[in-house]
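S.K.: Next come the chains, spelled out residue by residue.
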Amino acid sequence: MKAALWERFWQKKATRRAWTGLKVFLFLALLAPLLANERPLVCKIEKQTYWPLFRGMLCDWNLASWSDALLPPTDWAEKKYDWALYTLIPYSPGTIDRAALGAKSPLEPQQVKTAQFRHWLGTDLSGRDLTAGLLHGARTAMLVGLVSMLVAGFLGLLLGGLAGYYGDTGLRISRAQLLLGLLFLPLAIFYGFLVPYSSGGMAWRILVFLTLLICGWLLGRVLKRIGGAGPERAFPIDSLVLRVIEILDTIPDLILIMAIAATLKEPSVYYIMAVVGLINWTRIARFVRAEFLRIKSLTYIDAAKVLGFSELRIIWRHAMPNALGPFLVSLALGIAAAILLESTISILGLGVRADQVTWGSIMAQLLGKHDLDWWLALFPGLAIFLTVLLFNTLGKGVREALGE
Amino acid sequence: MHQTLKVKNLSISFPQNKGPHQPVLQNLSFDLLAGKTLGMVGESGSGKTLSSLAIMGLLPAVARMEVEEMQFSPKTGENYDLSKLSVAQWPQIRGQHIGMIFQEPLKALNPILTCGAQIAEVLQQHQGLKGKALEEVVLGWLEKVKLPDLKRIYQSYPHQLSGGQRQRVMIAAAMCCQPALLLADEPTTALDLSVQHEVLNLIRELTKEQGTACIFISHDLSVVRKLADQVLVLRHGQTIEYGPANEVLNTPKAPYTRALLACKPPLLEKIQRLPVLKDVEDGKAPTPLPAPASDANAAVILALENLCAFYPGSAQWFWQKKVPFHALDGINLHLGKGQTLGLVGESGSGKTTLARCILNLVQPQNGQIRYEGQEIQGLNGVALKKLRKKIQVVFQDPFSSLNPRISVGEAIMEPMQVHGIGQNQAERQQKTLELLALVGLAAEHFERLPAEFSGGQRQRIAIARALAVEPELLILDEAVSSLDVSIQAQVLNLLKDLQEQHGLTYLFISHDLSVIRFMSDQVAVMRGGKVIEYGPAEELFLRPREGYTKELLGAAG
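Taken in sequence, the protein lines are chains P and X. Under the working numbering, think of the first position of the first sequence as 1, with each following residue one higher. Under the working numbering, think of the first position of the second sequence as 1, with each following residue one higher.
Hint data in this document are derived by calculation from the structure and do not stem from the laboratory. We treat Cβ as the ideally placed atom computed from N, Cα and C, and that holds for glycine. All the given hints hold, so there is nothing to weed out.
Every beta carbon over 10 Å from chain P, so not counted as near; a handful from chain X, in silico:
#1 V24
#2 Q71
#3 S86
#4 R94
#5 L150
#6 L206
#7 A245
#8 D329
Sample of chain X residues facing chain P (criterion: CB under 7 Å; computed from the structure):
#9 R388
#10 R405
#11 V418
Using the sequences and the accompanying hints, generate a full structural model.
M.R.: Below you can see the structure in the form of structure tokens.
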């Protein structure tokens, strides 16, 4: 059956093209630093050979230090090389070409050293190369799309699945467990994500969050074992999740993002990812909930209960794999929506720092300008359009392969 | 008497993914005289529904149809070639000259129109009736199909009527233009036994009265026997036998027809084993032996005492009082070890709720369920898991009772793993192969997914999965109802063999009396959540006490 599904997925030409497109997109996004970089791949300065591009990467990860000849801040273009081999586009997204300030059109004559240094797609207002900007923008788009959907997918699958499987009467917990949950969940969120830590990144925060949750759960188990938890009552998880979804959906996305952006000291693409994820889980959760409701009524779930399988096994092995189809569809469509939303936020100038290049922030430069620099709108717009089309086509392909 | 329909060499094929067209119906030929009924019999996949769709011009666009002659003459002198009608001509034929009744009246009727309006629409379309006159004709037809309370039914929506009443409305809509031909595709299969009987009588009376030719499609020979003048037996798209009804049904020539007639368990005597299709076809069918008498002193393994379960009812408006629906109303039953208790009843009688209570899937509000003397309600944790190992179930629908993503072998191994049966995976795998062999499947089926199996095979997989935990009591909830008779016979024989070999106890739930007769030592008849008659099978079938039991037996026999 799996093979048949794959075959049906392949049957459509549009889907096959989108699949190829996805590979190209991932290739460009992942290898952007190797495709567009102001640092030469190899160069010779005063008879000494250097590998500035790779050295630079190691330095960024604190694995090596710069040799004196290359010590930053360096204007790479101005250095005196014996010879140098550049990447395909010899500009980084932030490289300012002083000769091309103020948005140079790709069509007008440019003062460049060699043909390789030509700005094929023009430059933006600060003289940065548009091709390099687009390539690195693909990286941001991919990051935003995938990470925000990871957040949204996790929340949507968890909450939608629980709501659909247990309904309002299926989940029974005691009062002590409920109180512990009410105590430890806010604690975990507070110590995990809101308290500033001097060291440690996202992984540390997630670890703190999970540790606190597990502590709460264990405490509940111990209380139940010694009999101090009180009688079990039905917990209306379905109504609760549905009400939260309804409340979140009534708030317009952009207004919510503006409100959050206003409270942040410095804008960052990570906050955007988190916020886009926290907004988009509702749609996924509703799909997953509907799917679990359908599966719950199938007799193989009853058969699994009668065979004495644990709840966890039934949900994990029997219910969830059968709900994944619609989940994947909504995930693919969600990635497209997230990329679009990130562009919108960047165009409004809310999301990212001024020096970070995204497709939206390139277009944002046109706001308030009187003459039309068409290349600043056309190329990033095309990039956004193609990427969104790509993920939508993939989502559609999955849906049709599943026969819905 | 003139000939209404003449079909000669009708073949239908479907395109395949790769390769040539797959034939699903080959060289079907028959003649139908006005006022006569042709019974078209076959198991699922034999092409009987497709042939009726072809006559209606409703084949899916991908199907390829070839026919030598398909002549339809609603009146003498009026002729249509059904294979050459254009899209514009069909609406004048359908409804006007050819009526159709479907299996599932709830799906075939429009839920947002009243029943009266749906019949009126047909008359308006074809006979141009309007206003008061139209309403009177519709009411006249509702009376003709013997519906009570005509004015109310006229105003009712399909969901407000019972299954039998809906099918009557369907019949009225199909017959109201006095068509020359009526197509009835399994019209009584979804109905309860007693209602089935009445609807069949109605179809027979109406077609005789109106002089309508009828093609009656069914998988059930005993239903066809009741009204067909001619019988045509189909198998895998090929005509096996075609001739006058009494000839085909009483002295069948084809082995397949003989087998179909023999595979259905008899109602009046209890036999040991059913003949299966292959035996009869090979001419080696053993003469059925009477089954040995059942042991009256078997130890009680399951006892139900005053069991009551009700579902909270719903009210249309929030100020109305919710009336709870009593699914079970004081059930008292005992089940002896190694015996079979047959549970009979029509839909909504509470059979399935009873099974779900014993399985701990529904909590009864009152009463006791004792298994081996121990109360099993409200068990949880380890105690419940231990009980689960002892009581297993096989459900009705073979298509939703297996997880589509888990291979057959894994599905059977998983419960052993959960209950710690077998030392290691290799041992469990070995046992799974034994179980597959036991239910008549091959070792090569281990890796396959459920989608690759037919309904009968899936039902046997479900039985193997239930047996994997070595249960003592097996609940069979309409486990053979959705199977074709020939496969049903195989599965029933298998169940009997398993009972003998492993000393299993069965709770056998069915609406089919002949199957119950074949399986059971004790029988309980349920109606409206109550057991109305309960006793040894022999006694109950030969000397029923209650009127309802007599009625059921009458409708079945």
